[in-house]
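Visitor: These are the residues of each chain, in order.
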Amino acid sequence: GAGVSQSPSNKVTEKGKDVELRCDPISGHTALYWYRQRLGQGLEFLIYFQGNSAPDKSGLPSDRFSAERTGESVSTLTIQRTQQEDSAVYLCASSLSGLQPNLPSNYGYTFGSGTRLTVV
Amino acid sequence: GDSVTQMEGPVTLSEEAFLTINCTYTATGYPSLFWYVQYPGEGLQLLLKATKADDKGSNKGFEATYRKETTSFHLEKGSVQVSDSAVYFCALRRGNTGKLIFGQGTTLQVKP
Chain A
1 GAGVSQSPSN
11 KVTEKGKDVE
21 LRCDPISGHT
31 ALYWYRQRLG
41 QGLEFLIYFQ
51 GNSAPDKSGL
61 PSDRFSAERT
71 GESVSTLTIQ
81 RTQQEDSAVY
91 LCASSLSGLQ
101 PNLPSNYGYT
111 FGSGTRLTVV
Chain B
1 GDSVTQMEGP
11 VTLSEEAFLT
21 INCTYTATGY
31 PSLFWYVQYP
41 GEGLQLLLKA
51 TKADDKGSNK
61 GFEATYRKET
71 TSFHLEKGSV
81 QVSDSAVYFC
91 ALRRGNTGKL
101 IFGQGTTLQV
111 KP
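In order, the protein sequences belong to chains A and B. Each residue of the first sequence is one higher than the one before, starting from 1 at the first, in this note's numbering. Each residue of the second sequence is one higher than the one before, starting from 1 at the first, in this note's numbering.
A portion of the hints provided could be inaccurate.
Think about it this way: if two alpha-carbon atoms lie no more than 25 Å apart in a straight line, the pair counts; the simulated SDA-like pairs of lysine to any residue are [claimed, not checked]: (1) Lys57(A) with Ala27(B); (2) Lys56(B) with Leu96(A); (3) Lys57(A) with Asp55(B); (4) Lys11(A) with Gly43(B); (5) Lys60(B) with Gly9(B); (6) Lys57(A) with Arg94(B); (7) Lys111(B) with Gly40(A); (8) Lys57(A) with Thr26(B); (9) Lys57(A) with Thr5(B); (10) Lys11(A) with Tyr39(B); (11) Lys57(A) with Lys60(B); (12) Lys77(B) with Thr110(A); (13) Lys111(B) with Gln41(A); (14) Lys77(B) with Gln41(A); (15) Lys57(A) with Gly29(B); (16) Lys60(B) with Thr110(A).
Since the hints were derived computationally from the structure, they do not count as laboratory data.
Please model the entire structure based on the sequences and the hints provided.
Guide: Right under this line is the structure:
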């Protein structure tokens, strides 16, 4: 598609429920990233997919968080047994590749509009 | 580990004032440096970037110079407009990974 699409745009859930957030990257982008942005704070890296390589999960805050990606397309971020501190905007981004040392001049992430998750 | 530190906001300026938002980083090797902007109600957008020491990134009147000796990438604009009101994020990326490390963001408010 023309941009990175995330769904839903807003999600309100009860504490303890599981949620799934979806990201559709730009076609042809092999790298996909999930970030979390809590109110008034910066972006916190969660997980990074690059092609068929093992994902970099170093930013996932707990084992309640997991993410999958089907090939080089859609990704889902799952949060199990949600807690109030999980409330945040979850941002997805994609890029041509994360690993090329000599990048094209237009290299950069394209971010989606995010999913605002509220745990009540 | 790698990190980015930005000046705390909010920064409030009058229209046509000079803007500086400080950004310093800690990283091994020679990272690429970026400024992203988030306008109210919109997604993050790449504003400018620099990939090696002494490079200057520029866009929409904004500039930032990659200073390796001071590990800084300060954002500047000579004359801000009300439409520049947004949150600005400094970020770095090391060459062997696509992962961006972001600063905490600085809110800029420009008053007419």
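Visitor: Measure nothing beyond the straight line between the CA atoms of lysine 57(A) and arginine 94(B); if it is 25 Å or shorter, mark the hint as holding.
Guide: Status holds; Cα separation ~17 Å.
Visitor: Under the criterion that the straight-line Cα-Cα distance not exceed 25 Å, is the pair lysine 57(A), alanine 27(B) satisfied?
Guide: Satisfied, since the Cα-Cα distance of roughly 20 Å is no more than 25 Å.
Visitor: Run the distance test for lysine 77(B) versus threonine 110(A): straight-line Cα separation, threshold 25 Å.
Guide: With a Cα-Cα distance of about 24 Å, the restraint between lysine 77(B) and threonine 110(A) holds, given a limit of 25 Å.
Visitor: Is lysine 11(A) within 25 Å of glycine 43(B), Cα to Cα?
Guide: Roughly 17 Å separates the two Cα atoms, so the pair holds.
Visitor: Given the hinted pair lysine 60(B) and glycine 9(B), is their Cα-Cα distance within 25 Å?
Guide: Status holds; Cα separation ~21 Å.
Visitor: Hint check: lysine 77(B) vs glutamine 41(A), CA-CA at most 25 Å. Holds or violated?
Guide: holds, 24 Å
Visitor: Would you check the hint for lysine 11(A) and tyrosine 39(B), treating anything up to 25 Å between C-alpha atoms as holding?
Guide: At roughly 22 Å apart (the allowed maximum being 25 Å), tyrosine 39(B) and lysine 11(A) satisfy the hint.
Visitor: Verify the proposed pairing of lysine 57(A) with glycine 29(B), using a straight-line Cα cut of 25 Å.
Guide: Given that 25 Å is the threshold and the Cα spacing comes to 22 Å, the pair holds.
Visitor: Just to be careful, I want the Cα atoms of lysine 111(B) and glycine 40(A) compared with a cutoff of 25 Å; is the pair within it?
Guide: holds, 21 Å
Visitor: Between lysine 57(A) and threonine 5(B), is the straight-line Cα distance small enough, at 25 Å or below?
Guide: holds, 23 Å
Visitor: For a C-alpha distance cap of 25 Å, please report whether lysine 56(B) and leucine 96(A) respect it.
Guide: Within the cut-off at roughly 23 Å; holds.
Visitor: Between the alpha carbons of lysine 60(B) and threonine 110(A), is the straight-line distance 25 Å or under?
Guide: holds, 18 Å
Hint check: violations occur at hints 3, 11; the rest are consistent with the structure.
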